[in-house]
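Same order as they appear, the protein sequences are chains G and H.
Counting along the first sequence from 1, when you hit position 226 you're at 226 in my numbering, and nothing is skipped either side.
Counting along the second sequence from 1, when you hit position 14 you're at 319 in my numbering, and nothing is skipped either side.
Derived by calculation from the structure, the hints in this document are not laboratory data.
Computed from a prediction, not measured in an experiment: that's the story for all the values here.
Backbone N, C-alpha and C fix where the C-beta goes; we use that ideal spot for every residue, glycine too.
Keep in mind that the hints are not guaranteed to be accurate.
[To be verified] On the chain G side, residues computed to face chain H include the following (Cβ under 7 Å): (1) Q3; (2) S5; (3) Q7; (4) Q26; (5) E32; (6) N35; (7) R36; (8) I38; (9) V41; (10) S305.
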Amino acid sequence: MSQLSVQHLLGIKYITKKDIELIFSQADQFKEVINRPIKKVPSLRDITIANIFFENSTRTRLSFELAEKRLSADVVNFAASSSSVSKGETLIDTVNNILAMKVDIVVMRHPKPGAPLFLSKHVKAQIVNAGDGAHEHPTQGLLDAFSIREKLGDLKGVKVAIVGDILHSRVAISNIYCLQKMGAEVMVCGPTTLIPKYISALNVKVEHDMKKALQWCDVANMLRIQLERQDIQYFPSLREYVMMYGLNKQILDSLKKEIIIMHPGPINRGVEITSDVADSKHSVILQQVENGVAIRMAVLYLLAS
Amino acid sequence: MSTQPRLILDSKSFGLTINRLCCQLIENHNDFKQSAIIGLQPRGIFLAQRIHKLIAEKTGNKNIPCGNLDITFYRDDFRRGEQHLAKPTEIDFVIEDKKVILVDDVLFTGRTIRAGLDAMMAFGRPQLVELLVLIDRRYSRHLPIMPNYVGKTVDTISTEKVSVEWKETDGEDKVLLFQK
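Input sequences plus hints: build the corresponding full structure.
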């Protein structure tokens, strides 16, 4: 009961409702820790963690690094762009070389879906997935659900709409798994081209009219249009996308009810969400970032023990 | 083979003991203007709350700061023994320059108190720290830790277990000694 059912955190798909509750209950305590005058506890002082990022990241990497440091772990950072990966070294070789320097936990982001799963089968370290392609981003899913729970008290029966680029989004997948395991209802909303065909297999509602989705939901999670992954044209123009799926104050006011606005970052201001909405009292965007550190501390603490 | 638990304190002597501990505290802390009470999670918080309430009745001072402190993240057996889950820490006052009374139900090896001292320092630098325990299991210390206020001293062997039960959660105030 006081331990996770898994050795690695590869995705929300692989963990149970009990695991999620356990992570949340410890994240509550870590949130108190990071608001102390001294925001650091000595729990992981004999542990070394490598943050291996094969893809760019600001928030997630900083958040993991802060979480690790606040648990007193030793931290090494590794960015693929400045490494021997560009000289042709394989993933397993790279990681095994890092592990030879006595590393206990590897936090990895990789552009290929399944890379952390593959790694977990071939190296002797615990793996935490910090985002793998369009597959999963488990800590983001956890912190989003944790932020909703903090705001509304419980996740059971809460209606969450995920709006935007679902096709390329690992955040959407992890959110769907996490919210459904905790008893929330999920709807995805976006242009037909950005909703994957297999989404119905996940048992979520699909809506193409954002206004209707917002009417239905208690929480709207506005995803970023992943401009770097638009290998083909998914919508006629960014302007047209903004007109149909951009959230602004006017739409929010016309709902006649209060909904919580979330965004996993980084925000394309004026595209999926306007500045006045992102900075309004409905938005919990910065709370999400704060909770991210607490959630990652809880995950690392529970995996390490 | 297990035998019946032995009663160390019944509900009447339990009340008397706590009463005496409060009187001793009042002797040393007078009006409690610079003092604060901190109970250690999970079982020390009941004693801290009981003492806090009783001192408020005796002195008329209802504003003595009282908090709960969890020591899980400061344990010295992380990754060595069974895993412990953290309980809430609630310290909503400044402990800088306060006379802190650290409260726990049973003092055994002293390791919890060591962790508690470390955990407390994350909140500031107290003027002084005192330790109050309901039960002191003598001759079983792993660390040089000595309580300032003791409810009752008992001689036990390490395989035995002392359990403090509370009216609020267990139905009756009493202290039991279990043999393994």
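Results of checking the hints against the structure:
no.: 1; hint: Q3; result: holds, 6 Å
no.: 2; hint: S5; result: violated, 13 Å
no.: 3; hint: Q7; result: violated, 14 Å
no.: 4; hint: Q26; result: holds, 6 Å
no.: 5; hint: E32; result: holds, 5 Å
no.: 6; hint: N35; result: violated, 10 Å
no.: 7; hint: R36; result: holds, 5 Å
no.: 8; hint: I38; result: holds, 4 Å
no.: 9; hint: V41; result: holds, 4 Å
no.: 10; hint: S305; result: holds, 4 Å
Taken one by one, the earlier hints fail for this structure at numbers 2, 3 and 6, listed in ascending order.
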